[in-house]
Each structure stands twice: as structure tokens, then as C-alpha cells.
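Spelled out from the first residue to the last, the chains are:
2 protein chains.
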Amino acid sequence: MIGFTLKAEDGAARRGEVATAHGTIQTPAFMPVGTAATVKAMRPEDVAATGADIILGNTYHLMLRPTAERIAALGGLHKFMNWPKAILTDSGGFQVMSLSELRKIDEKGVTFRSHLDGAKMEVSPERSIEIQHLLGSDITMAFDECTPFPATLEVAEKSMELSMRWAARSRDAFKNRDGMGIFGIVQGSVYPELRHRSAKALTEIGFDGYAVGGLAVGEGQDAMFAVLDYTVPALPRDRPRYLMGVGKPSDLVGAVTRGIDMFDCVMPTRSGRTAQAFTHRGTVNLRNARHADDTRPLDEKCGCHACTGYSRAYLHHLSKANEILGSMLLTEHNLRYYADLMRGLRGAIERGGLADFTADFNATQDAGDIPPIE
Amino acid sequence: MIGFTLKAEDGAARRGEVATAHGTIQTPAFMPVGTAATVKAMRPEDVAATGADIILGNTYHLMLRPTAERIAALGGLHKFMNWPKAILTDSGGFQVMSLSELRKIDEKGVTFRSHLDGAKMEVSPERSIEIQHLLGSDITMAFDECTPFPATLEVAEKSMELSMRWAARSRDAFKNRDGMGIFGIVQGSVYPELRHRSAKALTEIGFDGYAVGGLAVGEGQDAMFAVLDYTVPALPRDRPRYLMGVGKPSDLVGAVTRGIDMFDCVMPTRSGRTAQAFTHRGTVNLRNARHADDTRPLDEKCGCHACTGYSRAYLHHLSKANEILGSMLLTEHNLRYYADLMRGLRGAIERGGLADFTADFNATQDAGDIPPIE
Chain A
64 MIGFTLKAED
74 GAARRGEVAT
84 AHGTIQTPAF
94 MPVGTAATVK
104 AMRPEDVAAT
114 GADIILGNTY
124 HLMLRPTAER
134 IAALGGLHKF
144 MNWPKAILTD
154 SGGFQVMSLS
164 ELRKIDEKGV
174 TFRSHLDGAK
184 MEVSPERSIE
194 IQHLLGSDIT
204 MAFDECTPFP
214 ATLEVAEKSM
224 ELSMRWAARS
234 RDAFKNRDGM
244 GIFGIVQGSV
254 YPELRHRSAK
264 ALTEIGFDGY
274 AVGGLAVGEG
284 QDAMFAVLDY
294 TVPALPRDRP
304 RYLMGVGKPS
314 DLVGAVTRGI
324 DMFDCVMPTR
334 SGRTAQAFTH
344 RGTVNLRNAR
354 HADDTRPLDE
364 KCGCHACTGY
374 SRAYLHHLSK
384 ANEILGSMLL
394 TEHNLRYYAD
404 LMRGLRGAIE
414 RGGLADFTAD
424 FNATQDAGDI
434 PPIE
Chain B
64 MIGFTLKAED
74 GAARRGEVAT
84 AHGTIQTPAF
94 MPVGTAATVK
104 AMRPEDVAAT
114 GADIILGNTY
124 HLMLRPTAER
134 IAALGGLHKF
144 MNWPKAILTD
154 SGGFQVMSLS
164 ELRKIDEKGV
174 TFRSHLDGAK
184 MEVSPERSIE
194 IQHLLGSDIT
204 MAFDECTPFP
214 ATLEVAEKSM
224 ELSMRWAARS
234 RDAFKNRDGM
244 GIFGIVQGSV
254 YPELRHRSAK
264 ALTEIGFDGY
274 AVGGLAVGEG
284 QDAMFAVLDY
294 TVPALPRDRP
304 RYLMGVGKPS
314 DLVGAVTRGI
324 DMFDCVMPTR
334 SGRTAQAFTH
344 RGTVNLRNAR
354 HADDTRPLDE
364 KCGCHACTGY
374 SRAYLHHLSK
384 ANEILGSMLL
394 TEHNLRYYAD
404 LMRGLRGAIE
414 RGGLADFTAD
424 FNATQDAGDI
434 PPIE
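Protein chains in written order, with the working numbering: chain A, 64 to 437; chain B, 64 to 437.
Zero decoy hints are in this set.
Identical copies carry no separate label here, and so any pair may be met within one copy or between two of them.
Below, computed lysine-lysine pairings styled on DSS-like, alpha-carbon distance capped at 27 Å:
#1 K383 to K148
#2 K221 to K171
#3 K364 to K142
Derived from the structure by calculation, the hints contain no laboratory data.
All chains, please: the whole structure from these sequences, using the hints.
Okay, here's the thing in C-alpha cells:
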């Protein structure tokens, strides 16, 4: 069981706290992705310093290397990667579909070959939950099937129904412990009736939190928001809600407005390694030659190492020279930007000012980056 | 002019201080290499925290990208890379020879094509010194020819004589400023007479410090030490001595014993990016499967992030997964190991205990890494 306290609401948006065995998560919260037991290019203490209360670990990657059993023998994922705060693990379902080879799905689970060495492996709901136990996850995710997009109503329905049967098996396999919980995942593609049936099925099983899955797969922001508009109201009010794999800053603002509490996405970290920065003036590509002689900071409203210690010209140089420090500084900056955005959203909800916050956010993002120095 | 104070001696070994415009360098000192305006995989404040008083910048790389003129316009190399302590720049000579294409050497200097874009460029002694001025280097190196190894006496003599004429032109081109100095470079391959003539020529020109060049090019440690045995005594006692491009830990101990004060080498940083660690028990390859389940720290005598926060098993995992954090942690560890070694050498010289220090160092290095856990 994990605790959830709703501290304030502003429209559908919520300000809350999720209590886990490894500390309290202030929501709305963004979870940096720590795929292979590391948030890429970051020391864990620096991830925490950006303002993250929780990170996400990927079951698929960790079960292949170094394996869940090895991590358990080494004291669990928190100790292994030196991250004392909360960890949510995904179920492995999504990445089995997107990364493995020769996968075969049946009622029991998924058989596949590792993308690392071709070894044949199986994951079932029971095995996924066992792995997440071995890792020592604070928040375990139910094992589900990743519905392709687009999918016909018939395909989406069959897939959702399988995921609901797997959700029940996941819940059964989960061993309750204080401060550790399991979330169910609503599926149903872009079909309101399926989303409602899925939400109802999960609520009847009973989970510590509810995720919205199967989005951020190419449907676009409008379609995603439309799904949230009819799905979120079907979720229990007293439990945290997690939108999986989302997203860019405007996705987060729109989803928080629609009642989502938690997010994860590789965007800030992956973009940090490709010289793409999120700022208070929108997205900035530091590879662009316009920055080569620019003495100004990347984002004057940001307090991270990249923005307080260096010029745009230097960050441009690092990106052109493919220097690791460029990935380090821009990853930190992006995580700080995301954490600051969530902090801003939390404050706005607390004071009932989310509409103003969103208007300001949209205005500065629309204004675009600072003009080049003449 | 830069200051040099000799604080203690133990045999030929010296404990000193070099005073520059960007702080005092405690010698014997190791200088981490910051090739492209970054010590790879390290934030500059973390480089300083390992114990480094000075880093080295590479003229060849910086003149190509982002160019010396651009760095000057941006306020100089210290500001550009956010490194407030001292910087030594090499002359570009060595890397023009080893990295550029279609190079042509004549009395005037070197014509070559950039390895980045094929652009035709020239470096002369005068241009090299100008570039180092533009960068804002605390210690400028005279421009010299890199003598190939092995070289016949005749080839080595012609090369050394050219380098001495270039040294005089470098000295003439250098503008004296407080806290900034220029070092000459002794050449002459493995020929005592040439090394002596070179040292004499440089001393007559008069430099702020004297480097021994043309070593660590495949001659082996014994041959290198032999060169130092007859070259170092020919250098002025009241000026710092710098052994260029050296080396592994035992090279440093042996060279300090022979009267060298300063070193630079890519070994700790490059090794950190290939999972090779220097420890109080010798060199450890973290890619080796023996570390996969090892809960112990890499080096229990080390206080760096890698050794205090993580197990060998985790560092092994990072190296197998090619994670940037592996490069970050092991680079920091190696720089800390080198800085600690220099600190140890300084303390030993101060108390007249260098022989004991060296014996202890050799014994622990020879003992090898800790045995695997049964």
C-alpha cells in the first residue's frame, strides 16, 4: 500500500502527495527515466537536486542486464544505483513489444528473444511482478499488452480485455508491503467505451493508483487530450493517476489540467543528449550555428549548472564536438526545467491559479527563443 | 613571468609552488587534459574537487574548433569553459603531426589540412604563441617539432636544432604579463649529447619553465627514465620542469624521483571512458566478468563518488551497458587517484620520505587487485 493525500484542487487539476517506502512524492510529478539503472549522463544526487522525488526503471532492460536476480542479490535497485528516493518500474510489456525480437503473445504472456544476445525469454504477469519485487520497486506496474496504434475497435477491444485479465493476475501476484504499491493501466486506444470498461475493470480489481496507457504513440496531442477528457473522470478520485510515456512540456500542462498526477518520459534526457533544450522560451537546438558566438545563458530563468556557468556559445561548442559534458549539462538542464515546470504547476494549483499559469506558459512558449544578438 | 618557489627537496625530487595569474599550483602536479575546452565527462568544479590546480588545453583542437579568435571574443578559455584555475596550453606541434593531414614542415612552420574539414592551415612559432595568447593561457608552450621515434642521431639532431630556432622565435613572440609564462621544450630523442645541447640552448634563451618533450612515444619506461637521468640535471634548478604526455602512475613516481615537477597525460581520462581504473592495488578492468557480483568498492582507499557510492558490480554493469555515468564515475575516480598520488608524493618529499613512499607504492601495485569474492 502507498498513501495518497489530495491537498488541493483547481478545476480537474490536483495537488497531492504520494507516500512511499522511499519518501514522499509531491504531485503533479515528473519521473525521469533511469532505463538501465541510471538516468543517463547524470549522477543520482544531481537528479535529486533537479527536484525529482521519483525515477522510473525499465523492467525489460534490467531483466536482461544485469538481471533482476543479480540486482536483488546486490541489495535491490535503490542500493545498486545509489538512489535513495522512490522508484517506479514499468512492467516490461511496452519494451518487450518495441525492442525484443521474435515475440509471441498468448494468454499466458509473451515469449521473445533478447535484443542483446538473442536469448529466449518469457514474461508473464506473474514473472513481471516477481521481477519488480526483486528490483524493490516502490510502485509496481501491472503487466499489460501494448495495443498498437492505430487499432480497429475490434483489435483494441481484444487487446484491452487481455490486459484486464493480466491486470487481475498482476494484482494477485503482488505482495502487499508498507509503502509499496501496484498501479493498474487503463487501455482501450481512442475508444471511449473501451476506456470506460477498462477503468471500471481496474477499479473493481482495486489498485494503489491508475495509469493511462497506450498514449503518446503517434495519436497527437489533441487526440491524447480527448482520451484524457473522457478517461480521467472514470478513475477513482482518491488514488494517484499516471499518464505513461508523456511528454513534452505542453503535454504535461494540458494533462495536469485534466487531472493527471504523474508522468514519465525520455524526452528531457534523450533531448539532452542530442543538444535539444527545453526553456522558458520554448525549445532550443544548441547545434544551430546562431549560438556559436552567443555569450548569453541558455535560459536566464533557470538555476541549473548549464545556465549559470556557461554561455550558449560553449554549449554549442560542446554539442558540435560531441563532448560528454554537453550531454551532462543539457540533461541536467532539461530535468531541471521539467522539475521547475511541475513545481510551478503545483504552486498554481495550491493557489487556484492554474488558468493564469497556463496562459503565461503558453504565451512565453509561443513567443519563441530570444532573438539572436545583432 | 610566473613564480616558482622550491619548498623542499628529497634527493633529486622537489616540492614546489608555481604561482600563476589563476592561482598557485602545488608541485609535483598532474594536469588533467581538457582537449576541446572540457576535461571529458567531467564538470570543471568536479575536476577541481579531485585536487587539480591546473589543466591542459590543446591548441590544435581549439584553433580548429571553436577557433582561438572566437574563444578570445568570448572572454578567453577560462571563462569559456568555466575553469577559474590555471591553464597550460600545448603549442599544437605534437597534434599537428599526429592528427592533421597533408602536413608540410619547413623553416617557417607547418602547413596542414584540418582533420575536421580539410581546411588548409598554417602554424608557425609566432602563430602558435598568438593562439595561446588569444586563449589566455597561464603557461604557454614554445612551438616545436615532434621528433619521430625511433630517429637516427642525424634526424634527431636536425629536428632538435629546428625546434631550438623555433623556441627562440616562440620566446620573442611571447608577450610578458604578470602570472603568465612560457616554457621551452628540450628535444634530442634518446641522445645525451643532443639533450644537453638542447637544454643549454633553451637556458640561454631563458624560459619560465622547461619541459622534456619527445618522450612517451614508445621508448619504454627504462629508456624514458634514462633520458631523465641525464637531462633533468641539465635544467635550471630554480624553474619548474614538466615531463610532457606522461604517464602511468609508476612513470610519475619515477619521474618525480628524478626531479620532474609537472605532468600531463590523457591516461586517467581516456581510461575512465574505457572502464580502466587506477587503484591503490594497481589497474582494474571493470569490464571483466569477475566484478559482476562484487559488492565491494572499486578502491577502498579512495574517497571519490565512484568508490563511496557504488559497488564494483554497478560499475561493471555501467561499463557493459556503455552508460555515460560509467565514464563520468571512472574518469573522476582516475583523476582523484592521480591527484591523491601527487599529494602523496608532495607529502613524502616534504618529510624526506620519498624512498619509503616509493617502496610502499611499488609493493601495493605489485600485489595486484583484491582477490575475487569466493
